[in-house]
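The lines below spell out each chain.
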Amino acid sequence: MEVRTFEGGAHIPHYKNYTEDKPIEKMSAPAEVIIPLLQHSGASCKPLVKEGDKVKIGQKIGDSDEFFSAPVHASISGTVKAVEPRTVPTGGKEDCVVIEADDGPQEFEMKQVRDPDSVSVEEYRKCVREGGVAGMGGAGLPTHVQTSPRQPVDTLLLNGAECEPFLTCDHRLMVEKAEELVKGAELMMKSIGASKVLMGIEVNKPDAIEAVSEKIKNRKDMEVIPLEVKYPQGFKSHLIKAATGRDVPRGARSADLGCIVRNVGTTVAAYEATVHDKPLIERIVTVSGPRVPKPGNYIIKIGTPLEHIIEQCGIRDLEGTKVVMGGPMTGLAQSELNVPLVKSTTGVVVLPPEMVREEMTYMNCVRCGKCVEHCPMLLYPNEISICAEAGMHEEALEWDIMDCIECGICAYICPSARPIVHLVQRAKPEVEKLQKR
Amino acid sequence: MTKLTYTPPPHLKAEDSVSKAMLDVIIALLPVTIFAILYYRGSALLTIVVCLIAAALTEVAFRKAFNKKPSLNDCSALLTGLLVALCLPPAVDWWIAALATFIGVGIGKELVGGLGLNRFNPALLGRVSVFLIPSLFYSLRPLFQDAGIYAGGVDAVTQGTPLAMSHQGADMSILQLLAWNDGGALVEVSPLMVIIGGAYLLYRGHISWRIPATMIATVFVLSILFMENPVNQILLGGVMLGAFFMATDWVTSPITDKGKIIFGIVIGVLVIVFRFLTPAVEGVAFAILIMNAFVPLIEKMTKRPSFSEPKATAATAGKGTAAAR
Chain W
140 MEVRTFEGGA HIPHYKNYTE DKPIEKMSAP AEVIIPLLQH SGASCKPLVK
190 EGDKVKIGQK IGDSDEFFSA PVHASISGTV KAVEPRTVPT GGKEDCVVIE
240 ADDGPQEFEM KQVRDPDSVS VEEYRKCVRE GGVAGMGGAG LPTHVQTSPR
290 QPVDTLLLNG AECEPFLTCD HRLMVEKAEE LVKGAELMMK SIGASKVLMG
340 IEVNKPDAIE AVSEKIKNRK DMEVIPLEVK YPQGFKSHLI KAATGRDVPR
390 GARSADLGCI VRNVGTTVAA YEATVHDKPL IERIVTVSGP RVPKPGNYII
440 KIGTPLEHII EQCGIRDLEG TKVVMGGPMT GLAQSELNVP LVKSTTGVVV
490 LPPEMVREEM TYMNCVRCGK CVEHCPMLLY PNEISICAEA GMHEEALEWD
540 IMDCIECGIC AYICPSARPI VHLVQRAKPE VEKLQKR
Chain S
3 MTKLTYTPPP HLKAEDSVSK AMLDVIIALL PVTIFAILYY RGSALLTIVV
53 CLIAAALTEV AFRKAFNKKP SLNDCSALLT GLLVALCLPP AVDWWIAALA
103 TFIGVGIGKE LVGGLGLNRF NPALLGRVSV FLIPSLFYSL RPLFQDAGIY
153 AGGVDAVTQG TPLAMSHQGA DMSILQLLAW NDGGALVEVS PLMVIIGGAY
203 LLYRGHISWR IPATMIATVF VLSILFMENP VNQILLGGVM LGAFFMATDW
253 VTSPITDKGK IIFGIVIGVL VIVFRFLTPA VEGVAFAILI MNAFVPLIEK
303 MTKRPSFSEP KATAATAGKG TAAAR
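Just so you know, the sequences run in chain order W and S. So for the first sequence, my numbering puts the first residue at 140; every next one is plus one. So for the second sequence, my numbering puts the first residue at 3; every next one is plus one.
In short, the hints are calculated from the structure, not lab data. What you are looking at is a predicted structure, and each value in this text was computed from that prediction instead of being measured.
Here are some chain S residues the structure puts well away from chain W; computed CB gaps all over 12 Å:
1. Leu48
2. Leu113
3. Gly185
Here are the computed lysine-lysine pairs in the DSBU-like style, where the Cα-Cα straight-line distance is at most 30 Å:
4. W/Lys575 to S/Lys302
5. S/Lys313 to W/Lys575
6. S/Lys260 to W/Lys567
7. S/Lys5 to W/Lys433
8. W/Lys380 to S/Lys260
9. S/Lys305 to W/Lys572
10. S/Lys313 to W/Lys335
11. W/Lys265 to W/Lys335
12. W/Lys572 to W/Lys232
13. W/Lys567 to S/Lys313
14. W/Lys572 to S/Lys313
15. W/Lys380 to S/Lys302
Where is the CB? At the ideal position from N, CA and C, for every residue including glycine.
All chains, full assembly: derive it from the sequences and hints.
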């Protein structure tokens, strides 16, 4: 088996053993959901409901006229309690529709409304948009935007790398929903005008590689690409480089690259939106951590407060822990528990006190070169962090700070414990202003 | 309410730390240190202890003066102290050893902002300073004598070093060269022990092969061109210590792979120039210090292109594959 990868990167302990063998399981519905009107990159939705309205599961409750947007739907049946700003996983506040559950059944009824083999491209694109499908791997781009390229693109690259430690939701999805994944890939391939589907999967998921390979063994237009287990293998540009060998210059559009990358979860969600008319109202989430009593891969409703998830997984004491939404390398630590799960939340990782470093003291850069050795963007994080820290934005630009993908390897590996990613994030807006001048 | 920690990502951290790395370098120096103490006994032990104490005191004093938190636990001062001691001859006066350490740790490192901001290798700076300003010692000597302190002989380095003996044509077997060498600095007692330490650093991933390999190879090849015994030239003097411990110093060597190779080669050339074309000794120390000054320039020259840097040929090549499909 030929295993492909890219230059740089690092082997990071992956902690996937807690959940990689746990079958996907439904989590009970919460008593209340908080559904942000903006869960994707693009324009925010306008609410279609108001306080006191009765809503049904799957009902559209927010939409926008903008192309670069995706509607949101009620993930439970009940009564709208409020439409107001609430804290979201990014730490800021967004307008949210808060729904209180009623006593009725809280399951979306799955029945086939379209035949996947005969559905047209136009119909597919419309269903994906109406279903509010947006990138579920982290970036959160509205999927209908990505699947309607102006120029055809020859390759659809499905991202099943899942390189973030702890996360196994894509892994389980590939094992248990390989059929839907392959059918979804076919629909998506047609929609973008591609002639070929590549599925990049890290080799630490042999059962996923096997399950998907089994489903496509008679197809010439689909291929599984085994990838080396290396962080950040699942980042778009590195996946393209590893799987197709193509370079990904800054600012390149999909048409230039001849390649569109989609997350495997998104592909299945788009399939379900088309075949079952099921909007994106729930997703598979890995809840994990060394001390989590009931870690697993759960189907959780969008808008479920973190508190409900923590409770359902048997976590009693959070003192001194860090609760991260997303993976531990790029995810965001939460300061409160009433934040909702959103479409792009891949995981909830609870790091015990011994894995949490609270002190923010760090040393000068000692120029050990470890960040340079491992930087997947082939940058100089040492120089960038020094320039960013000192407010030397012009110099930071010369060291290509804007190319940084904030994967976090440099800060992970830095013996001086420098918060390199944080410094980069702080400096980038300033550098951007400089660029525009 | 429960207190949650929310610091920016990444939320995982590798075990690496500066103090662990520094401690590893000290461990790598233990073989030659122990060897030197066994060989020279009290005089070596005294020099080493003086340098370690001087290093610690200097760092504490400077950081206190600058109102900074003490950083002794990062072990970098102790490492500098040990390196200074190993570069000195065993019979050196204690105050020369202390002065060299003071200059290295105090002026070479703390005064310029602390570990990470120093442009020159602190240990070499300390060592070379006391070599360069012996006239100062002559003028200082009466002071000590007036105070009734015996300051020892001033010129402790005139005895035949192995390198000087080799210059004079003395025959030494390889085995003799590798261990139990008399004369010269403490570290010259056994190049073999230095190589073992260097191998440990390579194994632990603290240094890259690029600087030591290119520096040693350059000295070797150029020695042949100068009709000298190349084995003697790489084993004698400070070449091994310089190649594995001084030129590879994180802070004062290039961070780029290509830069490391250039750095190693030029140091090798300078060592040969100092050895065969000038009357100067301490060629390795000067060669490294001179190249320390060029590190920023070397790094700028050898910067690799970013992953996102558009390649002139890549666009056409990409189209080629797309068309071929």
